[in-house]
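Asks: Below, each chain spelled out in residue letters.
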Amino acid sequence: MSTLPNAVSNTIVRLPDQATATIPKKNYITAEHGLLSWLLTGDHKRIAMLYLISITVFFFIGGAFAGMIRLELLTPQPDLVSSDTYNKFFTMHGIIMVFLFLVPSVPATIGNFLIPIMLGARDLAFPKINLLSWYLYLVGGALTLAALVLGGVDTGWTFTTPLSTHYLNTHVITAGMAIFVAGFSSIFTGLNFIVTIHRMRAPGMTWFRMPLFVWSHYAASILMVLGTPVLAITLVLVVLERTVNIGVFDPTKGGDPLLFQHLFWFYSHPAVYIMILPGMGVISEVISTFSRKRVFGYTAVAFSSVAIALFGFFVWAHHMFIMGVSNYSALVFSLLTMLVAVPSAIKIFNWAFTLQKGSITFETPMLYAFGFMGLFTIGGLTGVFLGSLGMDIHLTETYFIVAHFHFVMVGGMLMAFLAGVHFWWPKMTGRMYPESLSKLAAVTTFIGFNLTFLPQFILGYLGMPRRYHAYPAEFQVLNVLSTAGATVLGIGYMLPLLYLGWSLKYGEIAGDNPWQATGLEWQIQSPPLTENFVEIPIVDYEAYDYEWLEKKQKEQVTTVG
Amino acid sequence: MHISPVLWQFLIKWLHASALFPAEASTIAPMMDALYFFLLLLTVIGLILVGSLIFGFSLRYRRSRNPVATQVEGSTLMEATWTIIPLALFLVCFVWGALLYFRIYNPPANSMNIYIVGKQWMWKAEHPGGQHEINSLHVPIGRPVQLTMISQDVFHSFSIPDFRVKREVIPGRYTTVWFEATDVGTYHLFCTQYCGTQHSGMIGEVTAMTPADYEKWTQQSTSGMSLAQNGERLFASMNCNACHNGTATARGPNLAGVYGSKLTLTNGSQVLVNEAFLRDAILNPSSHVTAGFNPIMPTYQGQISEDGLIDLVEYIKTLQTNYRVQQTQVTSQSNQAAPVTPEMVKP
Amino acid sequence: MPHETAVHEEHAHVFVPQHRHHFETEEQQREAGSFGMWLFLLTEIMFFGGLFFAYLLYRNWYYPAFAVASVQLSVRLGAFNTVMLISSGFFMALGVWAAEVRKRELLVWMLVLTTFFGCVFLGVKYVEYKEKWEHHHIPGASFSVAEFVNPAAYGIDEKPLMPDMAKHTEIFFFLYFAMTGMHALHMIIGIVLLGWLTWRAHRGEFSAGYVAPIENFGLYWHFVDIVWLFLFPLLYLINRHLVH
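Residue numbers (my numbering), protein chains in the order written: chain F, 108 to 668; chain U, 2 to 348; chain B, 151 to 394.
What the hints contain is simulated information worked out from the structure, not anything from laboratory work.
Wrong hints could be hidden among the right ones.
The list that follows gives simulated cross-link-like pairs (lysine to any residue, SDA-like), each with its CA atoms no further than 25 Å apart [what the hints assert, rightly or not]: (1) B:K275 / B:G359; (2) F:K360 / U:N295; (3) B:K282 / F:T350.
Facing chain B, according to a computed beta carbon distance under 8 Å, are these residues of chain U, among others [claimed, not checked]: (4) L284; (5) N285; (6) S287; (7) P296; (8) P299; (9) T300; (10) Q304.
Glycine is no exception: its CB is placed at the ideal position from the N, C-alpha and C atoms.
Construct the complete structure from the given sequences, taking the supplied hints into account.
Replies: The structure is reproduced here in structure tokens:
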């Protein structure tokens, strides 16, 4: 059997001797000094860190709005704020969370940091475009804040016409322009990733030797590049309709409000896959590392990412089943929706069977990954409810929908994001986070999340509509449960902010490979050099080659001994 | 239903009493609930399956019990299994849901029609007999009721959770949904499409009554004129009868019996004349010219409200002979003598 | 926003001045830049795609209005503009060749001609837009259907449209302005970039083997050209017949 040390411990973490370890003097953080060296950087790692700070700020702003919503919904009466203010709360919550948090969350932070390293490259293909992406994101964010400060916007994040074009006096145009600009941030990130993955892989790194994290980002990037421009033109049309009153969506002038719906959802459905696919990439890496095993069915998982991207373009009208589309087109979209559910199911099973015959430990990233798998299963299967035409009639536009997308986006994507942040924290900063506190936070968010959103499924079936400021009294108990859960959830999210910040100064020194993981990123120092590799590696092994890693470690042991 | 009806009723009623489940108050509700429980079952089984795999493998293969992992590439057989079985199950959901959808959105031929006009932020219900309701809807049990709906401004959505029906109410064209209420009682009516400030105030009550009570209610609540009678007045006051007067040399086609018929247009296409066609023909006449007639009908866009259009449509629906049209010509002449009271004919 | 290959810095320890250090070889850099531009053009297709889809829908619904409104556009000016753009594209292609064979003077002249024909195009578009303004064909508050409802009164030899169909001409003109306007915006951006490239070409930056910016800009310019080749028949040639 193995004679490795730690053979029977329940953690795979192996840190260098803390008494003598130091952060490497030369790394991407210390390479240059001064604010301008950060603001004008081309280094994908620095840009990733800039993004991390920005999206965290927006996450908490969006989260504050969520808190206000849940606070108002404690009572059936509309007694905390006015209706207009409440409508602004859920609109801003949606816009900020979707466009300024979820869409860039993993790709712009972890993706930016890691994709070149995972491929064995020195940077992304277009570093200046990468920096431009970040500035576009900031402009989009600033315009959103401007809309907020100037009085808010209350269209709902879905900008439904003709409400948004003719019946509101709020800052629709500012918000529309904000998203337009933020959209280009997303397009350029995706463009950068695709070119890098195609053209800058290290010698020997074939497509099927890439980590699955890269595959999911490739699929998400296709969606970013092809889908986001349609949102851009749709927003242009909304702005023109509002300013010039051209009639493109106005039935009294011969326009069709359903045209807006088709154009909007043509992007916004792929958008949900833009949001989730990178998170799925994180899960692949985490499950594999903490089972010490290659992901089961690597090829299937890789192809399922691409399949999700492809099918994802053909299901948009499942957001419109009751809006007056013809019965026959509804039939087609429902069928396609069932098809797009299958690749996600394939991934879940492949991850589960990665655990079989593995050697499993339960560090924080793994806990988040398990949370993801359970909650995404619920979220995804409730999507099948909604894809089933007749069922959708009763459930659409109710809290069932709210619960469904929060399960996939928060229970799924946000958990994956936290898994990724924790997993690669030592690589990005050189320091470990405090394990017990982080486990507590993970469990807290899991409990808080379920308490917040499970009651909402029941509320939805009861018929409680979404975006309601006031509701019938018999719905109160479930709403109170939901708000209680939200409080716990909020605490769970505050904790990482605090201890991750703390760890920057006081965390243990991580060393190159604290998780003893495979992957090119773990073969270089933590934090990495600006140029990532001293020498570009030549890759002649598969991804997740734990046998190779074992051999390497055995050699180290025998040479030391 | 293979489940004992007694058990089913017990479950539903118990859940409903605990405020965890809506009432089953229409014929479609049990069918919707059956699909829901099936989907719920699938979800629970799926969750238990995934949960047991994770939990079981984590326990059995935890590091202290299995220090060395065995590398496994994969298994095409397993991939096929967990591709085909979920796909099959999802397709069952698809077929079942599609059948239910077609059932809900294809009203039976003998349904009584009630018009719903949504506007920020209230619901107007208009019964053919002329009864008007605001934020409320009275219906008889045991009879299929079709709702023909349109919005005066933005997107709304008409939802009766206890009947399990919902449909978007949009500007510019009619949408329809139908139901047959089974239990006497009052039920929630919600607007479920965000429509501005008072979106959560756009709620009301649906009252299902026995047919006898419903008859009594219609007698008591009539405003005197049925929708068709209002339409008749409009037909006269807007001078529709100048061209559509039913004579052989009329400039406009004869409208007697046109509702429900198949009409040939000038471009050769054949259309079924239903409420939507009639409304469109009044607003966009140039695209709806009957074969053999000239495209001279002016548009009434902006001159008639949705309520007025409903009145006109109802009137045309009731036309079986030219008699009533002749009567409107008499009415228009007599209108010149005494002006019509404003609320009767709404421009 | 058009993609421009990353600006090159001078590095003493690489072979060619334009080689960025995160690329292993200059060839990799060139291929990446070209691929990036093709991808960007793909996003532009999706961007215009939304407008094309709206056009498809409304032309299908309101064909009579579209046909009549289209005839009111000046096919002479449109055709002339098409020739201008094709010429502009031709000179751009020659410019790419000139850069490849390292002829500095020729490259500069080709870029200047490209710009010139592009500017002529924009000038003609200005004339067309101004004419539309005078005829009250710009959608919005000043739009008037008078010429379509009663063409004889304006000396137009055309069948009159019914008023409800005539209203739909506003949608045609909206699509006309949106599509050609978006196209013109892309041309203006292109001309600004042309100015910058011409100046750099004059300094000899592209006649020493570094042709990627010229090539990639050429791709962008040809794309803008192709978009016009779709816009012209769709907007100007719906039911073209002699009017006056």
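Asks: Now look at each hint and say whether the structure bears it out.
Replies: For each hint, the structure was consulted:
1. B:K275 / B:G359: With Cα atoms ~37 Å apart, K275 (chain B) and G359 (chain B) exceed 25 Å; violated.
2. F:K360 / U:N295: Holds, at roughly 23 Å.
3. B:K282 / F:T350: Holds, at roughly 19 Å.
4. L284: Since chain B brings a Cβ to about 7 Å from L284 (chain U), closer than 8 Å, the hint holds.
5. N285: Status holds, d = 5 Å.
6. S287: The hint holds - S287 (chain U) has a Cβ within 8 Å of chain B, the shortest such distance being about 4 Å.
7. P296: Holds: closest Cβ of chain B sits about 5 Å from P296 (chain U), inside 8 Å.
8. P299: holds, 7 Å
9. T300: Holds, about 4 Å.
10. Q304: With Cβ-Cβ at 12 Å, over 8 Å, it is violated.
Checked against the numbered hints given earlier, this structure breaks hints 1, 10; the rest are met.
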